[in-house]
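The task is simple: from the sequences and hints, build the whole structure.
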Amino acid sequence: MNDDGFRAAAIKFGLFAIVAILIPIFAPGYALQRVAIAIAYAIAILGLNLLMGFAGQICLAQGTLFGVGAYVTAILNATYGISPLVTLPASAAVAAVIGLVIGLPALRLQGLQLAIVTFGIAAAFPQLLLKMGSLTGGVSGLPIEAPEAPRFLSDSPELWLYIISLTCTGVAALLVSLMLFGDNGRSLRAQRDNPQIAQALGINLTRTRLWAFAASSALAGLGGGVFGIISGFISPESFLAILSINIVIGSIVGGATSIVGAFLGGLFMVFVPTWASDINLSLGNLIYGLALILIMMIARNGVTGFIEKWLSMTFRRMASSRRQIETREELI
Amino acid sequence: MSLFFQLVVSGLTTGAIYAALALALVLIFRATNVVNFGQGEMATFSAYVAWQLTQWGAPLWLAVLASLIVAFSIGIVTFRLIIRPMMSAPVEAVVVITLGILVLFQAACMWIWGAEQLSFPSLFPDGGFDIGGVRVLSSAIGTLTILLVIALAMGFIFRFTRLGLSMRAAAFDHARSVLVGVNVERMLMLGWGFAAVIGVLAAILIAPRLFLSPTMMTPILFYGLAAATLGGWDSPLGAIVGGLAVGVAESLGASYLSFIGADMRIAVPIALTLVILLVKPVGLFGSYKVTKL
Amino acid sequence: MTLDLKKLSVFYGKTQALFDCSFSVGEGEFVALLGSNGAGKTTLLRAVSGLLPFKGSVAFSGKALDKIVAQKRLALGIAHIPQGRGTFSEFTVDENLSLGATIVSNRSQVREDKERWYETFPRLRERRNQLAGNLSGGEQQMLAVARALMSRPKLLMCDEPSLGLAPSITQEILAIFKTLNKDHGMTLLVVEQNVDITLQYADRAFVIEAGQIVASGAANELIGNEDIKKSYLGVA
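Here the protein sequences line up with chains A, B and C, keeping their order.
When you line the first sequence up against this note's numbering, it's residues 104 to 435, in that order.
When you line the second sequence up against this note's numbering, it's residues 3 to 295, in that order.
When you line the third sequence up against this note's numbering, it's residues 64 to 299, in that order.
For the record, the hints were derived by calculation from the structure and aren't laboratory data.
Some clues are possibly wrong.
[Unchecked claim] No more than 30 Å apart at the CA atoms, straight line, and that leaves these computed lysine-lysine pairs for BS3-like:
1. A/K412 to C/K217
2. A/K412 to C/K241
3. C/K70 to C/K135
4. C/K293 to C/K217
[As the list claims (entries may be wrong)] Far from chain C, some chain B residues (derived; all Cβ distances over 10 Å):
5. V51
6. T56
7. A60
8. F74
9. R86
10. A95
11. A117
12. G183
13. F213
14. V250
15. D265
16. K282
[Unchecked claim] Partial pick of chain B residues on the chain A-facing surface, computed with a CB cut under 10 Å:
17. G59
18. P61
19. L62
20. I84
21. V93
22. V98
23. P271
Every residue, glycine too, gets a C-beta built ideally from N, C-alpha and C.
Shown next as C-alpha cells:
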C-alpha cells in the first residue's frame with residue numbers, strides 16, 4: 104500500500120474506532136445487542152465480499168454456512184459443555200469444510216448456475232436441521248450460554264456481548280485485509296475479471312477459487328457462532344433461505360468490495376426492516392423493498408462506492424493540482 | 003405398481019406448477035437477459051387483482067382478462083422505472099434489484115390484502131378421470147395444456163417471427179442491435195410486459211391449488227429456477243419438461259428414497275440441477291452457445 | 064447523399080478524443096479514413112452513428128444528425144459495420160441477414176436481397192443455418208457486409224475490415240467494396256490501419272492522427288507520398 108492509501112486506511116480505521124466507541128455510549132441495552140448481531144452478520148458479509156466482490160462467485164448459501172457455524176457452537180456448548188468462545192474456531196473450521204464441499208462442484212459452474220444451486224442449498228438447510236433433530240434439537244432449537252463477563256462488566260451484559268462481537272469482527276477484518284494485499288488479492292481479482300487470461304498467467308484458478316470458498320465459509324461460520332453467543336438461543340427459524348438473500352442484499356448495499364461496507368450491510372440488515380415497520384407496521388416491508396431498490400439505483404456500487412465517488416469528486420475539485428490515481432477497490 | 007403411477011401423476015401435477023413459474027422466468031431471461039427473482043411475486047400481485055375483481059362480482063373470464071392487462075402494464079412500468087435505469091449496472095446490482103422487486107411486491111400484497119390464504123377459483127371444472135386406477139385431475143390436464151400452448155406460441159414467436167428475432171437480438175447485445183435498427187428499449191419493454199402476462203397466467207393456474215397468499219410463489223422459486231435450468235434457459239418447451247421432470251423426480255424421490263423422505267424432498271431437485279449442470283449445462287433442450295474468448 | 068462533418072469533437076469524460084474534425088464524403092465516393100491505433104477512427108464512426116455524443120455538426124444529405132436517435136440511422140440510409148464485425152454470434156447466418164433487414168417492411172424485398180447476397184457470397188449460403196460465431200474471420204466479415212447491405216443503405220461505413228484477416232481476404236473484401244461502389248453507386252467510408260491495400264481501392268483518403276485530420280488527398284497521390292505515410296501512418 105502506498106503512503107496515501109495507508110493514510111486513507113488509517114483515517115477510516117480511526118473513524119471506525121470512534122464510531123465503535125460512541126455506539127455503546129448512546130445506544131440503550133437492547134439496541135446494543137442488535138448492533139452486536141449486526142456485527143455478527145457483518146462477518147458473514149465480509150466473507151461474501153471476499154467470494155462475490157473479489158472472486159466474483161455469486162453465492163446464495165452464505166446464510167447456510169452462517170447457520171452451520173451457529174449450530175456447531177450451540178452443539179459444542181449445549182451438548183458437550185464447551186465454553187462458547189472456545190467453540191468459535193471450530194465453527195469457522197466446520198463451515199470452511201462444508202464451504203469447500205460446496206466449492207468443489209462450484210468450480211464447474213458459472214455465475215447464474217452457481218446462484219441457483221446455492222439457493223437450493225439455502226432452501227434445503229432448514230429441512231436438514233429438522234431432519235437431524237436429535238443433534239440439532241429440531242424445532243425447539245438449542246440454547247447457548249453466554250461467556251462469563253469480567254467483573255466490571257457484569258451489569259451490562261449487552262456491552263460485554265458487543266465487545267465480543269466487535270473483537271471477533273475486528274480480527275476477521277484484519278485477517279481479510281491482510282489476505283487481500285499482495286498475491287492472493289491480485290489472483291482473486293484476476294480470476295474474477297478474466298479467468299482465461301488469469302490462467303494463462305499461471306494463476307491456479309482451482310486453488311484460488313477453493314481458497315476463496317473456504318475463507319468465505321470460515322468467516323460465515325465465525326459470524327454464525329458469534330450470532331449464537333449473542334442471541335443465546337438458535338433454531339431453524341433463524342436460518343431460512345431468506346437469510347442468505349438478506350446477506351447478499353447487505354453485501355451489495357454496503358459495497359461488495361468494501362470492508363467498511365460489510366458493517367454497513369450488517370446494520371442495514373438488522374435495522375432497516377425494523378425502522379420501516381416502525382414507520383408503519385403493515386407498510387414495513389414495502390418501505391424496505393422500496394428503500395432497497397432506491398439505494399441500488401442511486402448507488403449501484405453500494406453505499407461505500409457512492410460515498411467514495413462523492414468524496415473523490417469533492418477532493419478532486421479541492422486538490423486538482425495533485426493527481427492521484429484511485430483504485431476502484433479501496434480496501435479498508 | 004399403481005403406487006408408482008400415482009406418484010408419477012402427483013409429481014406431474016406439482017410439476018405443472020413448477021413449469022408455470024419456469025416459463026415466466028425463461029421468457030424474461032430470453033427477452034432481456036435478466037433472471038428476475040421477483041417474477042413470481044409480480045405475478046402473485048396481478049393474480050390478487052383478478053381475485054379482487056371476482057370478489058366485486060366480475061365473472062372469472064373477465065377478471066382474468068383484466069389481470070392480464072394489469073400485468074402487462076406492471077411489467078412495462080417496472081421495466082421503465084426500475085430496470086431501464088440500471089441497464090449498465092453490474093450484474094450483482096441487477097440481482098439485488100430483482101430481489102428488491104420480490105420484497106416490494108410481496109409486501110404490497112400483504113399490505114393491501116393481508117396475509118391469510120384465500121381461495122381462488124379454478125379455470126377448470128372440479129373432479130377428474132380415472133386412468134388405469136390412478137386419479138388424474140382435470141385441472142392438472144387443463145393446466146398442462148395451457149402451458150404447452152403458451153410454450154409452443156412463445157417458441158414459435160421467438161424462432162420464426164421478426165418480432166421474436168428482434169427481441170432475442172436486443173437481449174443478446176444492445177449495441178449491435180442498435181446498429182441494425184432494432185429499437186432495443188421497446189423490445190426489452192415488450193419482453194417484460196409479455197413475461198408479466200405469462201407470469202400472471204402461471205399464478206392463476208397455481209393459485210387454486212396452493213391458495214392465494216403473498217408468499218404463494220416464494221417456496222417454489224427454487225423449483226422454478228431448477229426447472230428452467232434443467233430444461234434450458236433458452237427453451238420454453240424445456241421449461242415445461244424441466245418442471246414436470248422436477249415434479250416427478252421429487253415425488254418419486256420422497257417416497258422411494260427413505261433417507262430423503264418427505265421433509266428433505268428438495269434435495270432431489272438440487273441433485274438433479276447439479277447433475278444437469280455438470281453433464282449438459284445448457285439444459286436438456288438448450289442449444290450450445292458459441293464460446294468466444 | 065453526402066456526409067458532412069464540420070468541426071466534430073468528441074469527449075470521453077474530460078478527455079478530448081476528436082478535435083474539430085471536418086471532411087465530406089460525396090455521393091458515390093469511396094473514401095478511406097486512415098490512421099494508426101488510437102488515432103480516433105473508431106470514435107469518429109461511432110459519433111456519426113449516434114453511439115457517442117458529440118460537438119460540432121454531422122449532416123447527411125443536409126439533415127443534421129445530432130437530434131436523431133442511433134437506431135434511426137439505418138432508416139436514413141447509413142449502415143455501420145462496427146469494429147469486430149458486430150456479428151450476432153449465437154444466431155444463424157440466415158438470422159443475421161434477417162436482422163440486417165429489421166427496418167425493411169417489404170418481405171419480398173428481404174427474400175430477394177437474401178438470394179442476391181447468397182449468390183454473391185456462396186460460402187454464406189453453404190453455412191446459412193450455422194451459428195454465425197462459428198464462421199471464420201473472413202466469412203464473418205462477408206456476413207457483416209451482407210447484413211449491412213440488407214437494409215439497402217446509401218452510405219456504408221466500415222470499421223477496420225482487415226482486422227484479424229489475412230491480406231488475401233482483405234483484398235477480397237475491399238474488392239467487393241469497390242464493386243459495390245463502381246457498379247451500384249454505393250457511397251463508402253472505410254476506416255483502416257492497413258494503408259497500402261486500402262489506398263489501392265479508395266478514391267480519396269483522409270489521415271487522422273491523435274484526433275485530428277492531418278492530411279487528405281486523392282488515393283493515388285497519397286500512395287506515393289512517403290512523408291505522410293511515415294509521419295502519421297507508421298509505415299516505414
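**Request:** Kindly indicate which numbered hints from before are broken by the structure, ordering the numbers from low to high.
**Result:** 1, 2, 4, 12, 17, 18 and 19
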